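2 protein chains.
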Amino acid sequence: MKDVSIETITKAFLAYCSDDTDERTMFVLKSMVEHLHAFAKETQLTHDEWLTGINFLTKAGEITDSERNEFVLISDTTGMSTLVDMLGSQHAGTSSSVLGPFHILGAPELPIGGDLKRDNDGATVVIEGHVKDPDGKPITNAVLELWQTADNGLYSNQDDAQDEYNLRCSMKVDENGRYAMTTVRPSPYKIPDDGPVGDLLRATGRDAWRPSHLHFIMVAEGYKSLVTEVFPSDDVYLDRDAVFGVREDLIMEYQEKTDLDELPADLAVGRNVTQPYYKVDFDFILVPENT
Amino acid sequence: MKDVSIETITKAFLAYCSDDTDERTMFVLKSMVEHLHAFAKETQLTHDEWLTGINFLTKAGEITDSERNEFVLISDTTGMSTLVDMLGSQHAGTSSSVLGPFHILGAPELPIGGDLKRDNDGATVVIEGHVKDPDGKPITNAVLELWQTADNGLYSNQDDAQDEYNLRCSMKVDENGRYAMTTVRPSPYKIPDDGPVGDLLRATGRDAWRPSHLHFIMVAEGYKSLVTEVFPSDDVYLDRDAVFGVREDLIMEYQEKTDLDELPADLAVGRNVTQPYYKVDFDFILVPENT
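In order, the protein sequences belong to chains A and B.
The numbering used here puts the first residue of the first sequence at 1, with every later residue one more than the last.
The numbering used here puts the first residue of the second sequence at 1001, with every later residue one more than the last.
Be aware that a few hints might be false.
What the hints assert, rightly or not - With a cut-off of at most 20 angstroms between alpha-carbon atoms, the simulated EDC-like pairs for lysine to aspartate or glutamate come out as follows:
(1) K1030(B) <-> D207(A)
(2) K1030(B) <-> E42(A)
(3) K11(A) <-> D1249(B)
(4) K1011(B) <-> E62(A)
(5) K41(A) <-> D65(A)
(6) K11(A) <-> E1221(B)
(7) K30(A) <-> E1049(B)
(8) K1011(B) <-> D135(A)
(9) K1059(B) <-> D65(A)
(10) K1011(B) <-> D239(A)
(11) K59(A) <-> E1067(B)
(12) K1059(B) <-> E67(A)
(13) K30(A) <-> D1048(B)
(14) K1011(B) <-> D3(A)
(15) K224(A) <-> D133(A)
(16) K224(A) <-> D135(A)
(17) K1059(B) <-> D135(A)
(18) K11(A) <-> E1049(B)
(19) K1132(B) <-> D1207(B)
(20) K41(A) <-> E1034(B)
(21) K1224(B) <-> D193(A)
(22) K11(A) <-> E1248(B)
(23) K59(A) <-> D1048(B)
(24) K1030(B) <-> E248(A)
(25) K59(A) <-> E42(A)
(26) K1030(B) <-> E62(A)
(27) K1011(B) <-> E248(A)
(28) K1041(B) <-> D135(A)
(29) K1041(B) <-> D48(A)
(30) K30(A) <-> E1221(B)
(31) K30(A) <-> E1248(B)
(32) K224(A) <-> E1248(B)
(33) K30(A) <-> E1062(B)
(34) K1030(B) <-> E34(A)
(35) K30(A) <-> E42(A)
As the list claims (entries may be wrong) - For each label pair, taking beta carbons as the anchor points, the in silico distance ranges come out as:
(36) T1291(B) <-> D234(A): 37 to 45 angstroms
(37) D234(A) <-> S1005(B): 15 to 23 angstroms
(38) L1260(B) <-> T52(A): 50 to 58 angstroms
(39) T25(A) <-> E1067(B): 25 to 33 angstroms
(40) T52(A) <-> D1121(B): 37 to 45 angstroms
Keep in mind the hints are simulated off the structure, nothing from the lab.
Source: prediction; values computed, not measured.
No residue lacks a Cβ here, since even glycine has one placed at the ideal position from N, Cα and C.
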């Protein structure tokens, strides 16, 4: 195609690709290039603006290393990560949410009712609930992982003052699908904002904060694994999470309590709580593997 | 906005941006994010495909350095660079085309009719023409720059065997707007295909070749500067330029000739041509600055 013009360039791109390109690859590329071109036309994108975009991506490449990926951050802060997440989990179960970069393997097992707070500063949170299928039937073989920030807003792998597995555990639910533990209230924190993503957030008056949350992974044979996070209903950043992770069904209530006798009997360690403490009830719903 | 869902996430992105964001910035970002989200929904993009995209950009960052920018190459090979080029030059003048990464400043001046071929291998090309305004009136104060590959497909700044300014010159047109010179026929060449862009070209059955071309910059006071390139009508890659640079009006005819007496008298140096030689006539049209 010699007559490349504003009208024909999208066709030219498609014409230049071979007919025996993998069908799904071609479908995704076609949609991507159609939208790229439509974006340029709709905005009548100038050469200077194009260069701003190229410099943005070049700077993202420069600040990316094995510990930090600015391209993931671009995806997170434009809602792409969350959208892909939601597209992949359209079912009757608990919503998924972003895994984030702070998960590590090998968290030690905590018995049901165990204490994760130990000597961590901050408010005590007693969280318990059940893992169920969409019909409300307990899933008795579920294993969960939980990880979260300390009171200072840092994960153990960001903070030399914390033990490697501080505020991280795995837990097997009981014959009723129940889990329960004592931990500390996590804190809001900022995503890395010293790179081009930070510049963009500032240029658009957005801040880099995420509402506080507890990360969970739920695995049970015969069910789809769930990667998610749950957020307190009173967090000030709930309405403007920098990475769009909040879903209506992932909001839990931190109920302020003082009466320890309200706690279940098996929360033995939980009885050494600071006062007042927060009680959280949160159930997870997993969907069968083949739905 | 707490109820981030597949339906509301684009709205959420817009709601999170401040009302006093620069208007044009917001307009471009809005269009970009709308198209990003539409792309993900239209393709029901999977997490694995998303990860392929992230890895593609991460690799592009890794191979980018001060000499080579893979993000520009992504833009070039998806037609974005050319589209932005065309959007910025919708006028009655000669089409613009990509500047490319091989232009250098300070090319020495060649008199009209001068010889750029010197001892370069390859077929002789005699090129001449006029620089005019859209009404056909000669532009007498135009200065052009020309740069091109040698017969081996390499520019002087890619090839230690060539002098710094080999096959590069500037030239002032005469009182009729005329330019003329003898040079060598340029060769097709491949864009760098050892990075993620090369992988994508191979996955879609596209090749990395560009048709041979002569690069030009035209500058004249009172007129819009023109950055362009002209292509021979018989190049095998004309219909599949890896970077979509070809436009109908940028195709010139390489007329094969043997009769030196057909050449204009001022092409003195040009008379030492190899036989047969190619004659090219190509006029440039510049548009006034305020159109």
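For this session: Provide an ascending list of the numbers of those earlier hints which the structure does not satisfy.
Result: The structure conflicts with hints 4, 5, 6, 8, 14, 17, 18, 19, 21, 23, 24, 25, 26, 28, 29, 30, 31, 32, 33, 36, although it agrees with all the remaining ones.
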